[in-house]
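Novice: Given chain A, work out where chain B should sit, using these hints.
From first to last, the protein sequence lines stand for chains A and B.
Under our numbering, the first residue of the first sequence is numbered 230, with each subsequent residue one higher.
Under our numbering, the first residue of the second sequence is numbered 21, with each subsequent residue one higher.
These aren't lab readings, by the way, just hints derived from the structure by calculation.
Computed from a predicted structure; not experimentally measured.
Ideal placement from N, C-alpha and C gives every residue a C-beta, glycine not left out.
Keep in mind that a hint or two might mislead.
Rough simulated footprint, nothing fancy, chain A against chain B, three-plus residues with beta-carbon under 8 angstroms [as the list claims (entries may be wrong)]: (1) 21-32; (2) 64-70; (3) 102-114.
In silico EDC-like links for lysine to aspartate or glutamate, alpha-carbon gap of 16 angstroms or less [to be verified]: (4) A:586 <-> A:610; (5) B:124 <-> A:564; (6) A:234 <-> B:109.
Across the chosen pairs, the derived CB separations fall in these ranges [unchecked claim]: (7) A:502 <-> B:34: 16 to 24 angstroms; (8) A:261 <-> B:70: 44 to 52 angstroms; (9) A:309 <-> B:41: 50 to 58 angstroms; (10) A:606 <-> B:41: 28 to 36 angstroms.
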Amino acid sequence: MAQPKDFGFGSEEQMVRDSARKLLKDAAGIETLRALVARDHKSAYESAVQPAPWDERLWRQMVELGWTALAVPDDCGGAGMKMVAVAALAEELGRAAVPSPLTSTLIATMVLRAAAAPALLERIAGGAAATLATTSPTGSWELGDVAVHAERSGAGVTLRGTAAFVQDARKAAFFVVAAASEGGVGLYAVAADTPGVTIQPDRIADLTRDQARLELDDARLDGAAIVAAPGATAAVIAAATPAILTIVAADLCGAAEWQLQTTAEYARVRTQFERPIGFFQAVKHPIVNMMIAIDRARSLTYAAACAIDTDPADAPRLARMAKAAASDAAAFCSDRSIQLHGGIGFTWECDVHLYVKRQKHNQFLYGDAAYQRARLAELIDAAGGPAAASERFEGGATPSESTLA
Amino acid sequence: MQLAIRAEGLRQTQRRTRVEALTEHPMRLPLQMKVQLSELLQDLAAAALEIEGAHASLYLGDAHAPDGGQWPLAYLNSYGFTIAAGSNEIQRNILGERVLGLAKSK
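Here chain A stands alone, though its shape is the one from the complex (with noise of 0.2 angstroms):
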């Protein structure tokens, strides 16, 4: 199926960005982040249950700007807007590095929207945070490795067990929870105040965010509850990735700007040797590259984002390799940003160390650019791609076989 040339980016979704980009820079700019999270090294990281500060006010104003709503479909109250609008959103969180159950909220609508599952879109179109409880404290990325055992009880289920690596899980209202039991691995939707659901907060180096383990301790949930049945899972989280990972790629560009910029602005502030430091080579090319990466990682989340809504079928592609490119910007524009700081980079006033943290996260959630890479090899092999390439090496040597061991 052909794509829109222009991604299908058209006035609509540039006015989410747009008003996306202004609320955020009047209501959540680097002050305002820095004195919600990061006022002292002692309290951000020596209390005893390591705080997770956010604004809930933002939190109701991107609700009632229908944040929450965007990619819930119409007729479950929803805007059901584009993906290009879902991961231009992202984008500017990203950007902003804002504290808030958005992207967590989104990810797991992208869930609920595979298992159709309207009772609960429905919830979040009307401002209900949810996150995704579906990994096991191996931390694996694999569906199949779930550390929670689902039993059923009546019409009901009853849910024990562990889930770790939940994103902001002291911010949702519910999670969805991947559970085994004798069928298969099920989605299990599960309100914060159940009765046996306990948080239990891990310490982490991002102040941006919270994750959590969640404990189940015979949960019962009713009938309601059953997001996608034992065995329907694995098709639904299929279906989901490419929007999920688009999303995180999305998050992880919108930040990698904020560090190019800044990283920038301070080359052209800084004098050493009597110059701004921006002038020298060794400061300006890397510059260069931190926008070269961030271009083509940009370029790629909008492709991706743009086939989830008109070519499906190769939006599993281009969402590998978006968050690939994306996980491996972040990373090189972290490490950028500390050092052309030079030693006000190493320091906890200087904000980069915000970014650098959130980045990190971001990197290795949902898989690392490793991870994407044999996930993508994987895909391009089960398209014949290598044995049609090895085809024209003469004298029957394989790349495999002769020089790639």
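Specialist: Coordinates of chain B only, in the frame set by chain A:
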């Protein structure tokens, strides 16, 4: 796979160049194209030589050369692209100065 991602990224950046709403600065993407394309060609050719292994020594006209010995030629010629039309070092100066406003090199 990293090269495949760069190739697709370049194709998508070319597509994005024509979408004003998705570009921050009018010269930002167009000025990158030459740098990106020439370095991709060079790295692709280098990877092809690595894959060929000993066969990479076989040049144009050799009966046993894979792809008629085009890959060693492509690799050697790739420096024409990274140097010509303003070397990529000069291109990076221009990008840094015109797009990011860094101090001029002279």
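Novice: Give a verdict on every hint.
Specialist: Checked hints:
| no. | hint | in the structure |
| --- | --- | --- |
| 1 | 21-32 | holds (count 9) |
| 2 | 64-70 | violated (count 1) |
| 3 | 102-114 | holds (count 3) |
| 4 | A:586 <-> A:610 | 35 angstroms, violated |
| 5 | B:124 <-> A:564 | 24 angstroms, violated |
| 6 | A:234 <-> B:109 | 31 angstroms, violated |
| 7 | A:502 <-> B:34: 16 to 24 angstroms | 39 angstroms, violated |
| 8 | A:261 <-> B:70: 44 to 52 angstroms | 50 angstroms, holds |
| 9 | A:309 <-> B:41: 50 to 58 angstroms | 20 angstroms, violated |
| 10 | A:606 <-> B:41: 28 to 36 angstroms | 34 angstroms, holds |
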